[in-house]
Amino acid sequence: MKPLDDELEIELEIERYELFADPLYNFTFNRRQFLKVFSGGIALLVPMSNLLVASAQQEQGESGRGRFDQRVPNEIGAWIHIDEAGTVSVFTGKVELGQNIRTSLAQAVAEELHVSIESVRMVMADTDLTPFDAGTFGSRSIPFMAPQLRKAAAAARETLVALAADQLKVAPAEVRIVNARFVNHDASKSLSFADVAKGRKLVKAIPADVTITAVKDWTIAGKSVPKVGARDFVTGKHEYTSDMKRPGMLFGRVVRAAAMNSTLVSADTKAAEAISGVTVVRDGDFIGLAAPDPQTLARAEKAIAVHWKAPGQTSAAQLFEQLKRESSPGRGGARPVGSIADGMAQADKKLSQAYTVAYIAHAPLEPRAAVAEWKDNKLTVWTGTQRPFGVRSELAEAFRIPEENVRVIVPDTGSGYGGKHSGECAIEAARIARASGKPVKLVWTREEEFKWAYFRPAGVIEVSSGVKNDGTVTAWEFHNFNSGASAIQSKYAFPNQNIQFHNSQSPLRQGSYRGLAATANHFAREVHMDELAQLVGMDAVAFRLKNTQDQRLKAVLEAAAQAFGWGAKRPAGRGAGIACGFEKGSYVATAAEVSVDPKTKKVKLERVVASFECGAIVNPVHLHNQVEGAVVQAIGGALFETIDFQNGEILTAKFSRYRVPRFSDVPPIEIVLLDRKDSPSAGAGETPIVGLAPAVSTAIFEATGQRLRSLPLVPNLS
Amino acid sequence: MANITSLNVNGRKLPVSVDSQTSLLTVLRDYLNLTGAKYGCGEGQCGACTVLVDGQMTRSCVTQAGKVAGKQISTIEGLEKDGQLHPLQQAFIEADALQCGYCTSGMIMSGVALLKKNPKPSRAEIVKHMDRNMCRCGTYLRIVKAIEIASGTAKEVRK
Ligand code: FES
Ligand code: FES
Numbered sequence: 001m002k003p004l005d006d007e008l009e010i011e012l013e014i015e016r017y018e019l020f021a022d023p024l025y026n027f028t029f030n031r032r033q034f035l036k037v038f039s040g041g042i043a044l045l046v047p048m049s050n051l052l053v054a055s056a057q058q059e060q061g062e063s064g065r066g067r068f069d070q071r072v073p074n075e076i077g078a079w080i081h082i083d084e085a086g087t088v089s090v091f092t093g094k095v096e097l098g099q100n101i102r103t104s105l106a107q108a109v110a111e112e113l114h115v116s117i118e119s120v121r122m123v124m125a126d127t128d129l130t131p132f133d134a135g136t137f138g139s140r141s142i143p144f145m146a147p148q149l150r151k152a153a154a155a156a157r158e159t160l161v162a163l164a165a166d167q168l169k170v171a172p173a174e175v176r177i178v179n180a181r182f183v184n185h186d187a188s189k190s191l192s193f194a195d196v197a198k199g200r201k202l203v204k205a206i207p208a209d210v211t212i213t214a215v216k217d218w219t220i221a222g223k224s225v226p227k228v229g230a231r232d233f234v235t236g237k238h239e240y241t242s243d244m245k246r247p248g249m250l251f252g253r254v255v256r257a258a259a260m261n262s263t264l265v266s267a268d269t270k271a272a273e274a275i276s277g278v279t280v281v282r283d284g285d286f287i288g289l290a291a292p293d294p295q296t297l298a299r300a301e302k303a304i305a306v307h308w309k310a311p312g313q314t315s316a317a318q319l320f321e322q323l324k325r326e327s328s329p330g331r332g333g334a335r336p337v338g339s340i341a342d343g344m345a346q347a348d349k350k351l352s353q354a355y356t357v358a359y360i361a362h363a364p365l366e367p368r369a370a371v372a373e374w375k376d377n378k379l380t381v382w383t384g385t386q387r388p389f390g391v392r393s394e395l396a397e398a399f400r401i402p403e404e405n406v407r408v409i410v411p412d413t414g415s416g417y418g419g420k421h422s423g424e425c426a427i428e429a430a431r432i433a434r435a436s437g438k439p440v441k442l443v444w445t446r447e448e449e450f451k452w453a454y455f456r457p458a459g460v461i462e463v464s465s466g467v468k469n470d471g472t473v474t475a476w477e478f479h480n481f482n483s484g485a486s487a488i489q490s491k492y493a494f495p496n497q498n499i500q501f502h503n504s505q506s507p508l509r510q511g512s513y514r515g516l517a518a519t520a521n522h523f524a525r526e527v528h529m530d531e532l533a534q535l536v537g538m539d540a541v542a543f544r545l546k547n548t549q550d551q552r553l554k555a556v557l558e559a560a561a562q563a564f565g566w567g568a569k570r571p572a573g574r575g576a577g578i579a580c581g582f583e584k585g586s587y588v589a590t591a592a593e594v595s596v597d598p599k600t601k602k603v604k605l606e607r608v609v610a611s612f613e614c615g616a617i618v619n620p621v622h623l624h625n626q627v628e629g630a631v632v633q634a635i636g637g638a639l640f641e642t643i644d645f646q647n648g649e650i651l652t653a654k655f656s657r658y659r660v661p662r663f664s665d666v667p668p669i670e671i672v673l674l675d676r677k678d679s680p681s682a683g684a685g686e687t688p689i690v691g692l693a694p695a696v697s698t699a700i701f702e703a704t705g706q707r708l709r710s711l712p713l714v715p716n717l718s
Numbered sequence: 719m720a721n722i723t724s725l726n727v728n729g730r731k732l733p734v735s736v737d738s739q740t741s742l743l744t745v746l747r748d749y750l751n752l753t754g755a756k757y758g759c760g761e762g763q764c765g766a767c768t769v770l771v772d773g774q775m776t777r778s779c780v781t782q783a784g785k786v787a788g789k790q791i792s793t794i795e796g797l798e799k800d801g802q803l804h805p806l807q808q809a810f811i812e813a814d815a816l817q818c819g820y821c822t823s824g825m826i827m828s829g830v831a832l833l834k835k836n837p838k839p840s841r842a843e844i845v846k847h848m849d850r851n852m853c854r855c856g857t858y859l860r861i862v863k864a865i866e867i868a869s870g871t872a873k874e875v876r877k
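Quick mapping for you: the protein sequence lines, in order, are chains A and B.
Residues in the first sequence are numbered from 1 upward in steps of one, following the working numbering.
Residues in the second sequence are numbered from 719 upward in steps of one, following the working numbering.
Honestly, I wouldn't trust all of these hints.
[Claimed, not checked] Derived DEER-like restraints, expressed as beta-carbon distance ranges:
no. : chain 1 : residue 1 : chain 2 : residue 2 : range
1   : A       : R176      : B       : T871      : 42 to 48 Å
2   : B       : T871      : A       : E397      : 51 to 57 Å
3   : A       : A310      : B       : L732      : 50 to 56 Å
4   : B       : Q782      : A       : D232      : 28 to 34 Å
5   : B       : R730      : A       : R231      : 19 to 25 Å
6   : B       : K873      : A       : S664      : 17 to 23 Å
7   : B       : L732      : A       : S718      : 51 to 57 Å
8   : A       : D268      : B       : R730      : 43 to 49 Å
Since the hints were made in silico from the structure, they are not lab data.
Ideal Cβ positions, reconstructed from N, Cα and C, are used throughout, including at glycine.
Using the sequences and the accompanying hints, generate a full structural model.
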C-alpha cells in the first residue's frame, strides 16, 4: 500500500518531523460507523481508495480515470448527503485555515448538483462526524478531494434526477434542476430536493460511469466567489477556538520554564490553591492552572513559586557546526548518477560553496488554542489543528482512553502554514479540564507559540560542482544536513550527480513548514547556479535553459523573464535576480528587483514577478491569491526572519524581536499563471514560496557585489 | 486596586466590574463577550486587537481598561448598522482581502480609523497607516485594494 503522506516520492526521505507522529493509516471510519451517522435521505460516498488512486496518479503526473469500486466501500474518504429535509451537506475531514478550501469544495459540489453555493453545507474536521483524514497539508486538498467530491455530486444529481423523473412520471432526460427544484420540460410540474429525498435510505459509492462537467462548461467553479461565511469574518462573528465559551468554562494556564528541557526542582502552589475557584494541577513536571476568570487566573499564577533546572544546551552560534557534526546519512537523496570524479575531470571551472538556512517560526496569527470538556470518560476538544485525527490519537494516548471516547472538532482556524500539526495545547487543556471537572479554555500566548511549538528546520547545504566554459554543468554534488529532502532533486539534467540528505540532531523542536525543505534546497541550488553562470560569464536565464530539457521548467522561466524585462539595464544600487524550480507537481520561476541604500544598507524589495504553473487552472483568482500569499510569506524567511536561541532559551519570542513581513515590505507583485489544460491540477499552497529567496540573494549580489549564502539575507549584509 | 464599573462600547453603557489595570482586550473578550477583537501578540505589534477609542485607532491589548472608562469605544461588532455592512467590510469581501480572517477585524478597524481622518488616502498613506497591522496569510495587497475600494480611489476591481 502507498503511504498516505504529503511526500510520495519513494526514494526521498518522508518529511515528517512532528514529535507525536502517529500512524498515517487509521481507516476507522468504516461502513458500519457511517451507517450510524447516516439517518436517512441519499448519500454518495467517496471511497478512500479513490483518493489514494488519485493521489498516486497525481504524483506520477498521469491523468486519466482510476478504478472505481462499485460496492459500498469499507473505507470512506468523504461523502455528500441530501437529508430528508433536502439539505445538501458535504462531510470531509479537511480543515479550513485560510486556504479557502471550504469555499472551493462547496463550489465544486454546487456546480455538479446544479444548486447555489449557499445551499451546500460543509461539515469539516469533526472526528465524530467526518471520515478519517490524515491532515490538511502538502497541497493535497484541491487536487485529490475536489475531483472526487465533484464525481460524488454528479452521481448524486443523476440519482436525484432519476428519482424525480419517476415521481413526476416523466423521462429522466426531461428533468432539469432550476432554482433547487426538479422541473419537467415545460416547468408545469416540479419537486423540491426534500420531496425527492423524503423517506429514502439510499447509499451509493461513486459509480464508474459518472461524468462530470467539463472545465470549459463550469459556471460556478473557476469563478471568483466570496469566501463562504465571509460576512461572519468581516463582522467579527466567526468563532475561532480562542473565542469559544462553554457553560461553566474556566480559563487555563500552563506554568513553564524559561529554557527547554528543564526539569522541575520545586514548586510551591499552596497560595494559589487557596484562592477560591482556582484549580492547580501537578503531574510530573507539568503544572497547570485554571480559574473562573482571567483576573483570578493572573493572581493565581503570580502566587506560584517554581524552580526549574535546565541542562547546558546548544546555542545559535554553534548551530551549523553541530548540524554537520551530529549528522548521519539519511534515507533521502537518490542513487548517484554517473561519476562525480569524471564530471569534475571534464569541467573547466569548479566551485564549492556552503549555504545555510535559519530556523524560522510559522507564527500563525492565532496562537494555539483549545477548549476541552470531559463528560464521564468522554473527552471533547475544540482546537485549531491541521490534523484533527492525529490530535485525537495523541489525546487518546495521553489519557489512556479509547479513541472512540475522544472527539476533536476544528473550528475554522487562524492559519497554520504547516505549524499546527501537533496537539500540545489540546492535551494541556484536557489535562487541566480533567483536574478541575469543568470545561477549560487554554490559549497560548504569543511567547508560548514562539517557544513551545516547533520550527522550520535549520540546515547546512554543501554544493560542489563543475562546469564547462560553454555553460554545461558536468558534476553536481549536493549534501543537505538537517533541513530535509523535499525538492532536493531538480529538473536540471546534470549528467553526473550525487545528491544526499543527512539527518542530524536538531537542538530545537522542528517540524513541517509551508513548502518543507523545498525552500532550503532551492535556495542553495539556485544561488549556486547563479554563481556558476557568473563563473563562466553567462546570463542567468540562458545558463539555466542550457542545463534543462524540461519544457515546463523552461516555460515558467521564460515567462517570468519576459514579464520582468530580464536583461534590462538597472541604475546603480539596484539589482535583479531570477530563480526557478519544481515541487509537488508544480513549477515556479521568480524574478526580483531590489535596491540597497549604500549608506544604511537598507534592502528594499522593489518588485517581484512570479510565474507559476500547476497544470489545469481550477480557479484563477484563488490561485492568484495563493501564489501572492506564498510570495509575501517568503519575504520574511528570505530577508529577516530568524530564531535566535541560547542555552535552551528562545531569545526571539516576540514580534518585537522577530520581524515578519508587513505592508511596507510588500512590493508590487506581478503573477503570471500558465494554464496547462493537458495536465492534472496540482496544489498551489506551497511551491510558489521557493523562488523568492534565491532571486533576492542574487539581486543583492548584483546591487552590492556581496554574495549572501545564508538565510535570512539582511543580517548578513555588511 | 481600583475597579471600573462600566465601559461605553458601541454606543451602549455596559456594566463590568474589573480591575482598572486589566487590558481592554481582556475585558472586551472575556468579560463582555465581544470576541471580534483578537489576541495576536499582547505587545502592540500586530494590530489584531485594534478598536477605536473616541475615534482613534487603539491597540486594546496594551490599553488599560481604566484609561478608557467613560470614553466611546467602537469594536468590529458595532460597525454593521441595521444589517448593512460598513463600506470597508463590504470592500474586504469584494477584494478577497481575507484568507484565515484572524487579522481581519483589526485590519478593518484600523482602516476605518484611517478613512475617518483621511477619506481619500493615497496608496503610500494607506501603507504607512496600516503598517503596524500584521497579516500572516499575506493578504496585504488585497487589503490595500479593499481600502481603495471603500474610499472610492480603486482603479479597477479584479473579478
Ligand atoms: S494583540 Fe494587540 S497589537 Fe497584537
Ligand atoms: S488573513 Fe490570516 S492573518 Fe490575515
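- Hints breached by this structure: Hint check: 3 fails alone, others pass.
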